[in-house]
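Asker: In case you want the letters, here they are:
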Amino acid sequence: MPRASSAPGKRADRDAVFRALGDPTRRAILDRLRHRERRVTELCAPFAMSQPAISQHLKVLTDAGLVSATRAGRERIYRLRPTPLRDAHDWLGHFAEFWSARLDGLAAYLDDEDAGVKR
Amino acid sequence: MKRDLRLERVFPQAPERVWRALTDRRALGQWLMETDFEPVLGHRFTFRAKPRPGWDGVTYCEVIELEPPRRVAYTWRGGAGEGQPLTLDTIVRFTLVPEGSGTRLILEHTGFSGLKSVLVSFMLKSGWSRMLARRLGPVIDAL
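From first to last, the protein sequence lines are chains S and G.
Start counting the first sequence at 1; every next residue gets the next number (our numbering).
Start counting the second sequence at 1; every next residue gets the next number (our numbering).
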C-alpha cells in the first residue's frame with residue numbers, strides 16, 4: 001500500500017490509527033471512552049483480560065493518538081482524542097498522488113525507450 | 001457513496017508498447033515497484049517497497065483480468081504484516097484505448113469500501129456522538 005509523498009509523520013500516524021482500529025478490543029475501549037474519561041480499572045472491568053493486556057492496548061491507542069492519559073494519584077485516566085480519525089480521509093488523496101507520480105514515471109520510461117536509453 | 005480513483009493519461013506510444021510496460025516485470029520494476037508479476041490469469045504476485053510502521057512494505061496481488069493488449073487488473077491488498085488485519089483490500093485496473101497512433105491509459109483503483117467499512121462499522125457500532133458523526137459524515141461519504 002504505497003503512499004505518495006507527504007509528511008512522513010502524518011503517514012505513520014495514519015498507519016497507526018488503522019492498526020489501532022483493526023482490533024475489536026481496542027474498538028471496544030474507544031467505545032467506552034465515548035461519553036467520558038475513565039480510569040484504567042474502569043476500562044478493564046468489562047474485559048476478560050488482565051490489566052497488563054489492557055494497558056498494552058491502551059499503549060497502542062495512545063501511540064496512535066486516539067486516546068490521551070493524565071495521572072490521578074496512582075492511576076491513569078484516559079480520554080478520547082477523535083482528531084486522528086479525521087486525518088483518515090486524506091488517505092485516498094494520497095493514492096491519487098501516488099498513481100499520478102507513477103504514471104509520470106511510466107511516461108518517462110516509455111520516452112527513454114523511444115530514445116534508446118538503456119535502463 | 002464510495003469514491004474510487006480514476007486517472008487517465010494519453011501516451012504517444014502505441015497500445016502494444018504501453019501494454020509491454022504494464023506487463024513486463026522488469027519494466028514494472030522501473031516505473032512502479034519491484035515485482036514478480038506474470039501476465040497469467042490467476043497468477044499471485046507481490047509488489048515490494050520499503051516497510052513502514054503499520055505496513056510491511058508488501059502489496060499482495062492476483063491477476064484477475066487479462067485481455068492483451070486492452071486490459072489488465074489485479075487485486076491490491078496490504079496490511080501491517082503476517083497475522084495483522086488487512087487495511088487495504090482493493091483492485092487496480094489498467095485499460096488501454098487506442099487514440100490516434102497513441103494510447104489513452106485509464107487507471108482505476110477501486111474497492112476502498114474496505115477502509116470505509118472499518119471506519120463506518122467502528123463509528124456506528126460505538127454510536128459516536130452526533131458532533132463527531134456530523135464532522136465525519138462528509139468524510140465517510142467521500143471514501
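Treat the hints with care, as some may be off.
Unchecked claim - So, partial list: chain G residues that the calculated Cβ filter (under 7 Å) puts toward chain S: (1) L5; (2) A21; (3) T23; (4) R25; (5) L28; (6) Q30; (7) L32; (8) Y60; (9) V63; (10) T110.
Bear in mind the hints are in silico, worked out from the structure with no lab data behind them.
Owing to the predicted nature of the structure, the values given are computational and were not obtained by experimental measurement.
We treat Cβ as the ideally placed atom computed from N, Cα and C, and that holds for glycine.
Asker: Would you mind marking each hint as holding or not holding in the structure?
Answerer: For each hint, the structure was consulted:
{"no.": "1", "hint": "L5", "in the structure": "6 Å, holds"}
{"no.": "2", "hint": "A21", "in the structure": "6 Å, holds"}
{"no.": "3", "hint": "T23", "in the structure": "12 Å, violated"}
{"no.": "4", "hint": "R25", "in the structure": "13 Å, violated"}
{"no.": "5", "hint": "L28", "in the structure": "9 Å, violated"}
{"no.": "6", "hint": "Q30", "in the structure": "5 Å, holds"}
{"no.": "7", "hint": "L32", "in the structure": "6 Å, holds"}
{"no.": "8", "hint": "Y60", "in the structure": "10 Å, violated"}
{"no.": "9", "hint": "V63", "in the structure": "18 Å, violated"}
{"no.": "10", "hint": "T110", "in the structure": "11 Å, violated"}
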